[in-house]
Amino acid sequence: MGLLQFPLKELHKELGASFGEFAGWEAPMVYRSTVKEHLAVRENAAVFDVSHMGRLLIRGPDAYEFLQKMVPKELGKVKELSMSGPTALLNERAGFKDDVMLYRFSDEEWLMVCNAVNREKVKAWLAQWRGRLGMRVEILDRTFDLAMLALQGPRSAEYMERLGAQADVLDLKMLQFHPQAEVAGEKTFLVSRSGWTGEDGFEIIAEPEAAGRIFKRLVELGVEPAGLAARDTIRLEVGFVLYGHDIDEETNPLEARYWVFTPGKTGYVGYEALREAMRKGVKRVRLALKMKKKERGIPREGHKLYIDDVEIGRVTSGNYSPVLKRGIGMVYVDAGHALVGLEVEVEIRGKRYRAKLDDFPLLKR
Amino acid sequence: MSEIRVGDYIVLTDRRYTENDEWAKKENGVVRVGITDYAQKKLKDVVGVELPEVGAEVGAGEPVAAVESIKSAADIYAPVSGKVVEVNEKLYDQPELVNEDPYGEGWFFAIEASNPEEYEKLLTPEQYAEKIKED
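Going down the list, the protein sequences come from chains G and W.
Just so we're aligned, residue 456 is where the first sequence starts under this note's numbering, counting upward by one.
Just so we're aligned, residue 398 is where the second sequence starts under this note's numbering, counting upward by one.
Some hints here could point you the wrong way.
Said to hold, decoys possible - Mimicking DMTMM-like on lysine to aspartate or glutamate, the simulated pairs with C-alpha atoms at most 25 angstroms apart in a straight line are: (1) G:K806 to W:E493; (2) G:K738 to G:E766; (3) G:K491 to W:D490.
Quick caveat, the hints were computed from the structure, so don't treat them as lab data.
Using the sequences and the hints given, assemble the complete structure.
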């Protein structure tokens, strides 16, 4: 099967991107250097094309009630023109169907941004539950007629201003959004103050032509174009999970320590199983792994953690941290060994390297 | 120093090459080894290396070192058999030298070759240029 194409592919080519496969898409992975792109996010600003992310419009008279049933976060607390923060779709065993972000336009109209890899699965899941519950909602896949950009970094607001974003876009607080905002003379679908980097930033959803002009303009202003490789090293430093690697249908939010649910909320899909998991406790726990200083190994998915001959856990994501200048990882460790500060060994290509269990975010400010 | 250009990639004519994108260069009785311009451009962002022990006996085709980039980790194979007589410890602190100067400062190790014929069997610059052209 052919790979899905980014609508701004030609622009990325012009900017010198190398492409690679990600979740069924041929995605811009890196332009000049992942390390430079990464550091731009931390120190200045970078722009990512994240058009592969699924964008599902969910609307109809029962939209609020339907979504309340589908996600473990209390949506009554999400104000209009605000985002829910990370939440999830759980299966009946409380495993992750996906982790998603919800944008509330009104009770009757919401946008769900889901992982590219899960888009079709999420649509089928939502449609199945709509039928079971008899809800009056329609689910519109806007992934292919809209593009999505993420401007991320401490100087993002400054670049938005120089881009000529209307004033109330600059006044957005974290997790607020502005529908049909004007940016650089372009009409957008929405602009939100959000991102997946642990930095300040804005995400822009717009028609591909407008998004392309905004992307180009940002690069002309000195914003670093950044690929999905940098997006991966960036999210790792702050501990954001990647579906299919760090969470999946067999992982529940407790062991992932991924607080996608509102305590006290009941009645959503997966609630009973999650409650049961809470009563029983978990067998494994997600933590951070940090290589000891001067240890040269780089942990990667699948590497095992040991104390002597005892395997205590496994790496689910790992790479080099350009800020910490050493290997870091996301790991699942047996509950009895889930001790922040514990020194462990990682086996990397047959050799043992010293590392420490730590907690996210690994970048402390 | 003359070179062959294949697209963005440089192949130097003063040395030999392997199928695994290492280069090997004869100098003062030893064979110095590194990875090619093509290899470093494919790997991008080199962030770490593993080097063999000085004194280690290695056989041609054995994995003896490794290079870590953001993208992936790759083994580096000994192009010829012999004893490791030098390693480029500078790479431990400055792995980016592999990207900046793959044929010079970014070398990995040097081997005192025990079987000189092995060197002659390595790819010539022309053969290696042909190989990466097909990629």
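Hint-by-hint comparison with the structure:
1. G:K806 to W:E493: Cα-Cα ~23 angstroms, so holds.
2. G:K738 to G:E766: holds, 14 angstroms
3. G:K491 to W:D490: holds, 18 angstroms
Figure legend: structure checked against the earlier numbered hints; every hint is met.
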